[in-house]
Structures are given as structure tokens and as C-alpha cells.
Amino acid sequence: MKKIIVDDMLLTKDLPTTAGSKMLEGYMSLFEAEAISRLNGAGYTISGKAEVGEFAIDLICETNYKGAFVKKGKLASPVAEMLEGDAEAAVCMDVNGSVRRAAAQNSLVSIKPTYGTVSRFGTVPVACSGETVSVMAKSADNCEAVLSIIAGHDDKDGTSLSDEDCAKAKEVSPMRRIAVLGNMLKDTDLAVARKIEIFRENLAAKGIEVCEINSDVIAASSAAWNVLMCAELCNNVSRYDGVKYGYRAENFSGIDELYTNSRTEAFGELLKCAILFGSDTLSTENYMKVYDKSLRVRRVVSEAFNALFEQYDAVMMPACSSFDYSEDIEDTAVFEENYYTAPASITGLPAVVIDGVQLVGKAFSEGSLLAFAKEYEKEAK
Amino acid sequence: MERETLRLLEMLNQLRLTEEQKEKVISFCNNREAALKALDAIDTENVERMVHVMPVLTVVREDIVSQPYTAEELQQGAPETDEGYWCVPKVME
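These protein sequences, in sequence, are chains A and B. Numbering-wise (our numbering), the first sequence opens with residue 55 and increments by one. Numbering-wise (our numbering), the second sequence opens with residue 9 and increments by one.
Do not rely on the hints blindly, as some may be mistaken.
[Said to hold, decoys possible] Example chain A residues on the side facing chain B (calculated, C-beta under 8 Å, incomplete):
#, residue
1, Ser-202
2, Gly-206
3, Asp-209
4, Tyr-313
None of these hints come from the bench; they were simulated from the model. All residues carry an ideal CB built from backbone N, CA and C; glycine is no exception.
Assemble the whole structure, with the sequences as input and the hints as a guide.
Written out as C-alpha cells, the structure is:
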């Protein structure tokens, strides 16, 4: 029996799902995520659920209601830690890049598939227009094996693409030219910069042409993604009110206090910041100026990527600014750190993380990204 | 962000912040406003909104019950229930 880890953003029938929040402590779902059903059907068993930060919007897992997962004074990823065991892979929700950061920092491989190719049915909704069920593993082979099982159309997910579209994601074409996003190389620490440099040298040695480009449009993805993510999050978490399920405050004098006390006591500080910022972007004053503008910027970013894919097979960028986050890093730092992950999140494009580096490909190119990652791994050995 | 705006947002979102948290949120939102200047630099004149990253049509299906849960099952995670009802404090005096 093959073993799989799932993160705590995916609903499971026999294990509680908390999404890292006190609001859902002990919550048992009546149904499970489609991705899990497909893996069970293919003979996998869940060997454990990995903790996530509250609603998976944080850096790595530091806002989990039970406390940050810390090793040697640095923030650590519970899912990466669990992958040191005998599980073949982990299926995780990439909401704000934490999966890709964890993969890059722990020398693991991750694949964020094209939006709509893996069902989000049975996942805790946060930023629905960009979040994707992703796979992390010790090897690209394992990522590919698990992705091939969970990908495909699902009637239960209104954003699920057709089987015909999903099949395109299995096609493989070789990487010949890769663009490196120069804007994103400026603020990384030395270890990340060195990793990128070595990766570039390895690509050149393989005969792949590497060109450095700059794109202010792609670099602006984070600003727009933060708006869209927080606006969607603010609506999605409005369901948690202490009435139908989830945490209920012990003390309240009326219905309004029940709602307010329950949410105030159960939600963490980063989540509250994100809710209030998201709500502000949707206000009459800011809707057109900020929210609507971000939706239009999303299209501009998407078109900028499409123009690049006319010339290049993938765009290379870091997945994080550092391979180590200090345990006392500000929780709001994620809104700067997603500079590296927001381009793929806001556009729904696939991204592979291999050897600490992120490659973003055109829509439905995950087959090619994983084929490249497999070859890269083989040569590295 | 003004404190009065924050007070309204807290009320709308059913949250209550401590003084320290209010300072943090105001500082956070003000930092975000600075970051939003990157958006202003992008010309979006005549650019359509992109709500969905992939072409998604309105999905409809036959109105068939596919997950026949009982009321009891659906209420199993509720903080307080009584004979099939969710319990909340009195809303009318």
C-alpha cells in the first residue's frame, strides 16, 4: 500500500480538518476532498495530515493556532518534515506560495498544476480564483505519479476544466530556451542567489539557452495578488460565525456578540489583518481603484507571460528570498515574500520547484516542467 | 487607513481588535497602500477584468441529490443544536 500525506486544508472523513485555525479545531467533515478519493481509489492510504498556517496564507506554517513549527531557531515546514518518512508524496493546498517555499527550502520537488486541472472539491476555500491543489515529494517522479492520479475533470468543482483540457497537461515538449526574471534576483540572500547561478550554469551545460529579462508587470503580481487573495479570503471566512460549525465563544450577551467574540477569539492576527485589508479593498471608495484595478492587472500579467512564452519555454525565478526564515520573522512578511510566488498564483500558471528554483510554464505545461525536472534530477545524481 | 475606517471594518467583519492590533492593522494597510502604487504604474486602459484565470462557463447540472446527508449528520459539528435547530441567543426581546 502506497502512503500519502495530505495537508490540513484538504477535508478528510476520518481525521479532523482545522485549516490551521482555532476556528475549526476538531472539525470533522462528512466528505473528503476529490483528490483524496482519487488517491484512495488508486491504492494510496493517508499516512498523516500535515499542519498548515492559518488558512495557509502564511510563509510556511508559523500562524498555526497551536504555534509555529520551529527547528534550530528557524521556521520549519511540517509537511517537509513528514516527507522524511516513507510517504510517496504530499498533496497540499497552494494558496499563497507556502508549498513552493517549503519545497525550495527543503530540497524537495513541488508541482503547482495549471488552475482547473485538479479538483478543489473538498478543500477549505480561501482564495478561490488562484489556489490550487499541489504535490510535493522527494522526487519529480513521485510528483508526476501523484499528479497523474489527482488531475482530471470533476463535476463537483465548478472551475474544473474538461478532461480534454486536463489531458493537454500531460503532453511533453523539451525545454530549449528559459528566461530568468532579473527583477527577482535583486533582493534574495546569497544562498538563493548562488542556487540560481548554479542552476543557470547547469542549464547552459545542458544546452538550454538562458536569457535574463526584466518585467515590471510580472513583478507587480504580488501587489495585485495580495488584493485579490485578501478580498476573496474576507468573503470566504465570513462563513465562520460560531453558529453552524466551528468555534463558539463561551461568553456573549446577544447574537452580534456571539459572532464577534467567536471570530475575535478564534482568528489569529495575520488572518485579521488580511480580512480587514481585503474588506477595505472591496469598500465603495476602493473597489474600482484597488480591487477592479487588480483584476485588470491580472490580465496584463497573464498577457505578459503569454508574450514571453512565444519566445521561451519557461520563466525561471526564485521561490523565496531566503532558504531560512528566522522564528521571529514578522507574520506579515509573507505579503512581501509572495513577490516570488504570486506570478504563478495570480495567473493560474503551472510552476515546478526543483533544486530550490522555481520554473513557471505556460498553461498546461506541467508535463514538460516535470519531464525537465526528472532529467535535471537524473543529471544531478 | 483612518481609525474610523478601521472601526467600520471591524464592525462589518465581526471582529474586535486590541489597541495594539489596531496599530498593527493600520500600519499593515498603510504599507499595502504603498505597495499598491506598483499597480498604478501599469496601464490598464481598455483592459478587461480577469475574474477567472481559465475560461469558465456558468456550470449547471441536473437538480439531483447526490449527497443525501441527514440533518443530524449536517449538524454534527455545530456548537449547539436542539431538535434539528441551530441554537443562537435570542435575537428579539
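Hint by hint, here is what the structure shows:
Interface hint status for Ser-202 of chain A: violated, as the beta-carbon distance to the closest one in chain B is roughly 20 Å, over 8 Å. For Gly-206 of chain A, the interface hint is violated, since its Cβ never comes within 8 Å of a Cβ in chain B; the closest pair sits about 15 Å apart. Annotation: interface hint on Asp-209 of chain A holds; nearest CB of chain B at approximately 7 Å, less than 8 Å. Checking Tyr-313 of chain A against chain B: minimum C-beta separation of about 4 Å stays under 8 Å; hint holds.
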